[in-house]
Amino acid sequence: METAAAQMQRAKRRYTAFLRERANLALSGKSDPLTEDEIGKLEKEYPELVRVVSEGGESAINCKSSPPLPAKDSCGEARAITHNAAPNSIPSFSAPAVQLSSKARLRKSAPPLLLMQTRPLPNSLPRSLSADALQRHSRSVHASPANENNYSMMMFALQLFNERHQKSMMTRLSVVATALLSVAAALAHCTVVDPASTPGSLLSPSLLTLLVHANVLCGVYVRGRRRFTAPMLIVYAVLDIIPSLGLGIVFYNLGLIALESYGFRRASSAC
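Start counting the sequence shown at 1; every next residue gets the next number (full-length UniProt numbering).
Keep in mind the hints are simulated off the structure, nothing from the lab.
Where a beta carbon is used, it is the ideal one built from N, C-alpha and C, also for glycine.
Each hint should be verified, as a subset may be incorrect.
[To be verified] Pairwise CB distance ranges, derived in the manner of DEER restraints:
# : residue 1 : residue 2 : range
1 : Val192    : Pro243    : 23 to 31 angstroms
2 : Tyr221    : Leu245    : 20 to 28 angstroms
3 : Gly246    : Cys218    : 18 to 26 angstroms
4 : Phe264    : Met154    : 50 to 58 angstroms
Put together the whole structure using the sequences plus the hints.
This is the structure:
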C-alpha cells in the first residue's frame, strides 16, 4: 500500500504538470477542457495542493511551465531526488490517467514558442492567370508579328553570311566545261546549225552553262555533301551561275571571232 506522502507527492507532480499545460495553452490562446477537469478533480481531492504550490511562488510556476532541460534545472533535480527517495513505489494509474499523462508529456516537450498561434503571412505572389490570359500574354510579348519578322530576317541574313563563306560548289572542271561548251556552240553555229533555228537556239551558251550548273547541283545532292536551302541557292545563283553565264557569253564571242578569222561565217547574222 502506498503511503499518504507518496500519493501526495504524485498528486503534486500531476497538479503542477496540468498547471504548466494550462499556462502553455494560455500563451497560445487556447484551452483544454480535459486539463481543467483534471485540475478541478485534484483540487477537490487534495485541497492542500493549492497551498503547497502557492508557497513556491512564481519561480516554481515558471520552472514548471518552462521547457525541461536535460539534468541541469532544479525541477529535474527535484524529480530525480524524489525517484531516488521512493524507488519501490510504483504509481498505479487508470487507463485514462495514463493517456492524459502521456499527452501532457508530449505537449510539455515542445517549446512554448512552437505552440503559439502565428498569423498567416500575406501572399505576395500574383494570382495564377487563366489559360486564355497566358496565351494572350505569350502572343503579345513573345509571338508578336514584328518580333517574328525581325527574327526571321536576322536568321536569313546570318545564313546568307554563312553560305557566303562556304567553299564554292563550282569547281575548275566546271569552269573549263563551260568555256569548252561555249566554244563548241560557236563552232556549231558557224558550220552546222543556224542560230535562228530551233536546234540552234537550244545550243546557246547560256543554256549549256545552265546544264553544267544543273549537273553540279545533282552531284552535290547525290553525294549529300550539303543541304539545299534558300540562302544556299541564292548565294550559288549570285556568285556562281551569273558569273559563269557571263563567262560563257565571253568565250562564245571569242570563239566566233576566232572562227571568222579562219574564214568561217555564221549562217545568219543573228546570234
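Hints, verified against the model:
Evaluation of the 23 to 31 angstroms hint for Val192 and Pro243 yields a pass: the beta carbon distance comes to about 29 angstroms. Distance hint check for Tyr221 and Leu245: the Cβ-Cβ separation is about 21 angstroms, which falls inside the suggested range of 20 to 28 angstroms. The supplied range of 18 to 26 angstroms is met by Gly246 and Cys218, whose beta-carbon atoms lie about 23 angstroms from each other. Between Phe264 and Met154 the C-beta distance comes to about 56 angstroms, which sits within the given range of 50 to 58 angstroms.
The structure fails none of the hints (numbered hints given earlier).
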